[in-house]
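S.K.: Can you join these two chains into the complex? Each is in its own frame, and there are hints to help.
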Amino acid sequence: MTRFNWFNTTTLTLGFAFLYLPIILLMIYSFNESRLVTVWAGFSTRWYQSVFLNESFINAAWVTLRVGFISASVATVLGTMAALVLNRAGPFHGKTLFTGMIYAPMVMPEVITGLSLLLLFVSLDFARGFWTVTLAHITFSMCYVAVVVSTRLVTFERSLEEAALDLGCTRFSAFIQVTLPIIFPAILAAWLLAFTLSLDDLVIASFASGPGATTLPMKIYSQVRIGVSPEINALSSILIAVVAIGVVTASLVTKQAHVKRIKEERMAINSI
Amino acid sequence: METQINTQPACEFAPWEDPVQKPFVRFENVTKKFGDFTAIEDLTLNIYEREFFALLGPSGCGKTTMMRMLAGFEYPTAGNIMLSQSNLHKAPPHKRPVNMMFQSYALFPHMTVEQNIGFGLKQEKTPKKEIKRRVEEMLSLVQLEPFTKRKPHQLSGGQKQRVALARSLAKKPRLLLLDEPLGALDRKLREQTQFELMSIQEQLGLTFVIVTHDQEEAMTVASRIAVMDHGKIVQVATPAEIYEYPNSRYSADFLGDVNIIEGQLDVTTGKTASLAWAEGETPLAISTKLRPPAGTTAWLAVRPEKLHISKEKPASADNCIKGEVWDIGYTGNISTFHVKASNGSILKVQVSNREHLADRPITWEDNVYVYWEKGAGVFLER
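Chains as they are written, first to last, in our numbering: chain A, 3 to 274; chain B, 4 to 385.
Quick caveat, the hints were computed from the structure, so don't treat them as lab data. Remember, predicted model here, so these are calculated numbers, not experimental data. Check before you lean on any hint, since a few could be wrong.
[Unchecked claim] Computed list of lysine-lysine pairs in DSS-like fashion (alpha-carbon distance at most 30 Å, straight line):
(1) A/K262 with B/K154
(2) B/K292 with B/K325
(3) B/K135 with A/K262
(4) A/K257 with B/K154
(5) A/K265 with B/K152
(6) B/K309 with B/K325
(7) A/K265 with B/K128
(8) A/K97 with B/K93
(9) B/K325 with B/K343
(10) B/K309 with A/K265
(11) B/K152 with A/K262
(12) B/K128 with B/K175
Okay, chain B solo, but in the shape it has when bound (with noise of 0.2 Å):
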């Protein structure tokens, strides 16, 4: 199946691309140090309104903070943070529009059900009769209608992530923040419960930042995604983008899975750049725009869903590596070969398991040619 990023709806919801759409929350250059740490450096950012954003990264990659500095639990050391065209400057956490679902839902275990979704209202003096509709409409909205009157040690996980997420929505904020909301939901209504997460962004038209560690959560749920490395973003661009182009191996290898192969550059003719990776062997070739100086170290990322695999040798293919299978890693729908190539490297080729298991001839130690088309890779400079 081969994805194009053009195969997505002409109407498709693109504000990053429109140059007269304003950014709904805008991070100008932000620096934030703790003590001699720096968490995040010289950081800018747009979001856009009615986004589904994801940071994503490993831990301890700045993307809690930058969260937490949105939410006004943490504020920058140097450079601004804009919401709606305004600065946030040190604005209190109660003083902006912005409301968060925390990890552990961070549920107040005194109150009941009612009174947690209630809580923010309250604040604001809001009337008992308008908190008690409001209340009910989130409840709905989650539904979580017969619990009401529970107090949270009363109710299962998955229930306790309902009403954190009817909490934080109860004030209509502007923006919402979710930090690894599913983090602690088992695998299934973890996937059930992303859908309903879009659902109800689509629904109410507000705009969302999640924080995640799970690629396929961000790719699931997300318009866009940053991928973050220590305290730098390292790509922001739609899931479909990053997967097709990552702009360097750290988003290649963090968003699915990936074959990288290391090279010199060895001559750019037109649009297609060719890649001496192993001596003895043919140069890769790869589409790309870009001009490096010839000599310099670059990478081939190409993914294993791209790669095909054949006992003979294909009649014309752009690029071809002759190879001994390694290992087969068999998981129902695909089948994952592991390919060692002449100079030791191990490709993995992923095919889909159309056939009966008896039927695939292809099987540890043979000989085999995997091969792909030039568009399939990608040209990595870093």
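Chain A extracted, bound-state conformation (with noise of 0.2 Å):
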């Protein structure tokens, strides 16, 4: 086998090291007992009762999570609506310009899309805060949904909506009967993908939030501006495992169910 070569093995290892490396001296300093973070003095999780206890660190994280959760859900609803419109519509007069417009906010430098989001909320004089970061939020992911969206879409077979309607459904309830049901999969990824671009962004959030409203990466990035405690990596750590757990979870729940489908079709061959 030359699936081991030294070629192989050298670039897998440098590719994985640059990638989690980082990741890894994080973790492994959050365990350290001592207050100087890169001063190694014995194992502990003091850092993480820390964590804990303390209490602006725990409104961050709910702030985070309210915003995530609403923004995500508000942007999927939006961006799915959109995708729908332009996947379903025929060609009208300016849809290329539309379909642009919806991706255009993928591109933009988020410091612009997050400054002119401020302008526009204190020319309206909107008080900053819990909701303006998350308007802010449903803004940037909504396009992220509608890609998302569009492309189980575009092989969404038509016909079976037209078979809804002929057996006697309005669009409406074909809709909710049929397309939504089998679009499902794909609108959960968008919201799972809009959530998580929620709870990492920190530009845009810094722009739109006020007093009261501050968000975890935002409470992260002010602390390191004071002094990296062993408090922060502690905090980081446990992120980092709620992503990695929601992931392996996500992966081996498709992996089942995939293993399970072909089996079924393997059975309806048998059965002809």
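M.R.: In structure tokens, the structure reads:
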């Protein structure tokens, strides 16, 4: 076997080291006894305890989760609607323009999106806080949802909807009973993407936020500017663990569903 | 085997010949345009109750558009579509007593066989008990009882096709549309399913309209066939009529194998036209009632199985062409001789192989005579 020759092994090691060494280092130091981040003084979980006792961290986490949940949900609804219109409406005047405009925010520098939102909120005299961050997150995650859902709709067989109409559904009930259940996995994936984007975001949140609405990334960033504390390491490790568990679970579930499906299809062939 | 139209039973089902019968479906000067493209052009067609009607044509001839207009997925640009004498106007699909079986079956992947079949009834708010009873009835009609709880991806192609049929029949539509229903099945299964479709149609007494590009399928199942070309109907008639008496080269060529000989009309005497087809050859005699002026270009269509072939000149024959055997196609039950005539055109002659291969004397490069009676050919003006 040539799969494990020296070249492949080295490339693989270097690649993964490049990706994961910083994270592993951070996780190791989160168990450091010492107050000094860079000096190892023995194993301890004290920083984890102190994270959970730190009220400002818990508050920030709570704000982040709420912003993420609400913004992901609203963005999913709006983005799905946009995707439906752009896929289903026949060719209309300016369709290309609209399609482009849906996708444009994806490549827009975050600083500019954040700044323009800030200007909008100021000029409208909006009190900045929880809702402005949520609105801002809806704005930028909506286009990601539209992209994910569109990709699914392109391969969606239109005759399924026509069959529902033919069997007595109105357009709306055909959507609810047939289209929605079938594209639901894509919508769920889009929601998760929007949620993750909202959890990650620092730049736009910093512009759109106000007093009392500090998100976790904002909190971590402001703490780090004062000086990296072992608490931050612990907090970051917790975040990584949560994300990792989520990703692993999702992929296991998908794989299991795939295996089941293949088994059932084989059963169909054997039963002719 | 000489099939004549009047060999069919006397009590034959033929509402289209009865002037008192009102059409069940009527296309009235229907035109359908998609932008600049005209899919259907000023088309008028009557379909009668309990008919198994086939729309036959190559892809892009407009047959699917006709079906989609009946289902309510498209509306005519001009003209009317009537269903039992009432104008359908722009009734949406769910307000028509019409159901459709889709080419791709379009089974709902997230529902079981049972839920798929009951879907239409559920939309009508039919009581659960009644739905269950009706679904069971449908399952037994298509012989799928053991598969009630399966999802579509757990079924074979033939089973999916049956579920789709059961689903489209569950609401007792007055008109069932079938869009290339057997296209995805293999040949053996397709033939079997054709006969099942016919018996189901007869059993339920419904009107079926089938769209197909497969001439054999149309001939097997249909009471009448509409041969379509570029948004127009070329001929509407029973399969036997179209086969024996095509009205144009297009429909002669579309249904079955045919020899078409072009020529100039020489003279018409009585019921016989004579067609000059090649210099130095005797004109061909064709039985016809048509009286076009002499000198017009016309065609003779004759089916390969209606031609005779022999090495000796026949004692008497209405038409006889001398030629050379160019090629022989052997398909077991029949042999097809390709005979090259003096003007270079090829005539196909089909002979059924009643004798063993070794006993048949005609072989490649033999000089042969191809002959037939004047009634065997059809005179075509277009």
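S.K.: Against the earlier hints, flag every one the structure doesn't satisfy and list their numbers going up.
M.R.: 7 and 10
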